[in-house]
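Engineer: Residue-level listing of the chains:
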Amino acid sequence: MPIFRLSPPFLAGANRVTLQMLQVLLALIPAVIAMTFYFGPGVLINVTLAVSVALITEA
Amino acid sequence: MSAPLGDFPGGLKLPGHKKRSTQGPIRKTPISKQLVLPLQQHIGAAAVPIVEVGDKVLKGQRIARAEGHVSVCLHAPSSGVITAIGEHAIPHPSGLSAPCITIETDGEDRWIDRQQIKDFRQHSAHELRQIIRDAGIVGLGGAGFPSFIKLNPGVHHSVETLLINGAECEPYISCDDMLMRERADGILDGVEIMLFALRASRCILAIEDNKPEAIAAMRYALSGRSHLSQTEIVVVPTRYPTGGEKQLIQVVTNKQVPTNKLPIDIGIVCHNPGTAYAVGRAILHGEPLISRVVTVTGTDVPHAGNFETLFGTPIKDLLVFCETRRQPDEPFIQGGPMMGYSLAGDDLPITKTANCILVGVDDVAPPAQPLPCIRCGDCADVCPASLLPQQLYWYSRAKDFDKTRDYNLFDCIECGCCDYVCPSKIPLVSYFRFAKTEIMNQERERHKSDLARQRHESRLERLEREAQEKEERQRQRKAALAATKAAKAKEEDSTNTAEAADSVTEEKA
Chain A
0 MPIFRLSPPF LAGANRVTLQ MLQVLLALIP AVIAMTFYFG PGVLINVTLA VSVALITEA
Chain B
0 MSAPLGDFPG GLKLPGHKKR STQGPIRKTP ISKQLVLPLQ QHIGAAAVPI VEVGDKVLKG
60 QRIARAEGHV SVCLHAPSSG VITAIGEHAI PHPSGLSAPC ITIETDGEDR WIDRQQIKDF
120 RQHSAHELRQ IIRDAGIVGL GGAGFPSFIK LNPGVHHSVE TLLINGAECE PYISCDDMLM
180 RERADGILDG VEIMLFALRA SRCILAIEDN KPEAIAAMRY ALSGRSHLSQ TEIVVVPTRY
240 PTGGEKQLIQ VVTNKQVPTN KLPIDIGIVC HNPGTAYAVG RAILHGEPLI SRVVTVTGTD
300 VPHAGNFETL FGTPIKDLLV FCETRRQPDE PFIQGGPMMG YSLAGDDLPI TKTANCILVG
360 VDDVAPPAQP LPCIRCGDCA DVCPASLLPQ QLYWYSRAKD FDKTRDYNLF DCIECGCCDY
420 VCPSKIPLVS YFRFAKTEIM NQERERHKSD LARQRHESRL ERLEREAQEK EERQRQRKAA
480 LAATKAAKAK EEDSTNTAEA ADSVTEEKA
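Protein chains in written order, with numbering that gives the first Met the number 0: chain A, 0 to 58; chain B, 0 to 508.
Misleading hints may appear alongside valid ones.
[To be verified] Listed next, with one range per pair, are the computed distances between beta-carbon atoms: (1) 30/A - 362/B: 31 to 37 Å; (2) 456/B - 16/A: 51 to 57 Å; (3) 95/B - 18/A: 36 to 42 Å; (4) 366/B - 45/A: 38 to 44 Å; (5) 396/B - 57/A: 19 to 25 Å; (6) 367/B - 57/A: 17 to 23 Å.
[Claimed, not checked] Quick look at which bits of chain B chain A covers, simulated, 3 or more residues with Cβ under 8 Å: (7) 355-364; (8) 369-376; (9) 421-432.
Hints in this document: simulated from the structure, not taken from any laboratory.
Where is the CB? At the ideal position from N, CA and C, for every residue including glycine.
Take these sequences, add in the hints, and give me the full structure.
Structural biologist: Written as C-alpha cells, this is what we have:
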C-alpha cells in the first residue's frame with residue numbers, strides 16, 4: 000500500500016543532495032591534481048586536514 | 000505548418016506511463032444504484048437545486064439552476080428518484096462535505112426530450128452560449144471553468160485563434176488521447192461551433208508527439224471537412240508542462256501571455272478537446288453534460304483504461320468495475336501525479352473535473368523530511384514560468400509576502416517541476432500555495448476593512464448632515480415663528496392705530 004506525501008507532486012525525481020555534493024567533489028578532482036602539480040604534495044596535506052576538520056565538526 | 004514552433008523555458012521529460020490505459024477502447028461504466036452530484040463542480044457560484052426530495056427525474060433533466068453569472072446548471076445523469084439533498088463527502092483535498100443531490104437510479108436510463116439543433120448557424124452566438132451554459136458545460140481539462148464565458152469574445156476583445164489543448168502532458172492520463180482517437184468527428188463538431196461563437200478566424204489543435212494515433216485520427220477527420228480549412232493540427236514535442244495553457248500558447252504561437260493577463264488579451268482562447276466534444280453533443284444532439292471520459296490507471300489497476308462514466312458515480316464502483324487491487328480506504332490520486340491530489344474515502348463521486356483516478360504510482364515520492372535548501376538552483380532551471388523558486392521559497396517561509404509578489408509568485412502555475420527536481424525534497428509548491436492563499440486572504444481583509452471604513456465615514460458624514468439639516472429646520476421654524484409673531488404684533492399695532500384713527504375722526508366729528 001503506497002503512502003503518498005500530503006501534497007502533489009507525487010512523483011519523485013532522482014535528484015538528491017548527496018548526488019549533488021558528489022558532483023561537486025568530482026568537479027574538484029582536476030583542481031586538486033593541478034594544485035598538487037604546481038604547488039607540490041603539501042596541498043594534499045591541506046586538503047586532508049580541511050576534510051577531516053569538516054567531517055569532525057559536521058558530526 | 001506555417002510558423003516554427005516556439006518554446007518555453009525549463010520543463011521536464013517525465014516517463015509517460017500512458018500505454019497502460021490506452022490498450023483498449025473507451026468503455027462505458029455501468030449505471031450505479033446511487034448517483035451523488037455535488038452542486039459545485041465548477042469554478043464560480045454553486046448551482047441551486049430546483050427539485051425536491053421524492054421527485055422523479057429523467058436522464059438529462061435539469062436538477063439545479065445556475066446562480067449568478069459565473070455558474071452553470073446541473074443535470075440528472077440517469078433517470079430515477081431524488082432521495083436526498085444535503086451534505087455529502089466530495090472529492091476535495093480538504094476532505095470536507097458539501098451540498099449534493101443524491102439520485103436513486105431506476106435502471107431505465109430514460110432520456111428527457113432533447114432539443115437538437117441541426118444547423119447552428121441559424122442561431123446567434125448568444126443563443127448558442129446560453130444553450131452551452133444550460134447544458135452545464137465546464138472546462139473538462141481539470142479546472143472546471145464555465146465554458147460559455149470562454150466562448151464570449153466580449154466587446155473589448157477579438158479572438159483570432161481558438162487553441163484546442165490536446166497536449167495532455169501529465170503522466171498516466173490518457174482520456175483526451177482516447178477521445179481524440181475515437182471521437183475525432185465529435186470534437187470537430189464542437190470546434191466548428193466554438194469558432195462560430197468566438198468569431199475566430201483559425202483553430203489550432205495542439206497534440207503532443209507521443210500520441211501518434213490521436214494525431215492520425217484527428218488528421219483523418221479533418222480531411223473530411225473541407226470548410227475547416229483554417230484549422231490545423233500542430234504536433235508539439237512531449238515535455239511537461241506543455242499542456243499548461245500559457246506554456247502551450249508559447250510553444251504554438253511563440254507569444255507570451257503577459258503577467259496578470261489572460262490568453263484572450265492576446266487574441267487566443269484555449270479549450271480542452273473534451274469540452275469541444277461536449278459542446279458538439281449539447282448543440283447538435285441536445286445532450287447536456289452528464290458524463291465524461293475518466294482514465295483509471297496506476298500500478299494497482301490491472302485492467303487500466305478509459306471509462307465513459309456518469310457524474311455522481313461513486314469512485315468505488317468505478318474502481319470495482321476495473322477490478323482494482325485496492326485495500327479499503329487506501330488513498331488514491333484524482334488528477335495526474337504532478338498536479339492531482341490524494342483522496343481517501345470510498346463514497347466520493349466522479350465530478351465534471353475528474354479526468355483521472357490513479358491508484359498506485361511507479362516512482363512514488365515517499366513522505367520525507369525535507370533537508371535545508373542548498374541553493375543549487377535546479378528549481379530555477381526547470382521552472383516553466385522563469386521564476387526563482389528558491390527565492391520564493393525563502394520569502395514564503397519568512398512570510399514576507401510583499402517580496403514574494405515582487406518575485407511574481409502569481410505567475411506560478413503550480414506545475415510541481417521545482418518540487419520534482421529539488422535535491423532536498425522541499426515541498427516548494429505547498430509553500431507557494433500557502434503564500435498565495437495568505438496574500439488573497441490579506442487582500443480580502445483589506446478590501447473588507449476598506450469597505451467598513453468607507454461605510455463608517457459615510458455614516459459620520461450622514462449624521463453630521465442630518466444634524467445640520469435639523470439645526471437648519473429649527474432655525475427656519477424659529478424664524479417662521481418670529482415672523483408670524485411679528486406679523487401678529489404688526490396686525491395688533493395696525494388695529495390699534497386704526498382704532499386711534501377712528502377715535503380721532505370721531506372726535507373730529
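Engineer: Next step is simple, just say for each hint if it's right about the structure.
Structural biologist: Here is how each hint holds up against the structure:
no. : hint                     : in the structure
1   : 30/A - 362/B: 31 to 37 Å : holds, 35 Å
2   : 456/B - 16/A: 51 to 57 Å : holds, 56 Å
3   : 95/B - 18/A: 36 to 42 Å  : holds, 40 Å
4   : 366/B - 45/A: 38 to 44 Å : holds, 42 Å
5   : 396/B - 57/A: 19 to 25 Å : holds, 24 Å
6   : 367/B - 57/A: 17 to 23 Å : holds, 21 Å
7   : 355-364                  : holds (count 5)
8   : 369-376                  : holds (count 3)
9   : 421-432                  : holds (count 7)
Violated hints for the displayed structure: none, as all numbered hints are satisfied.
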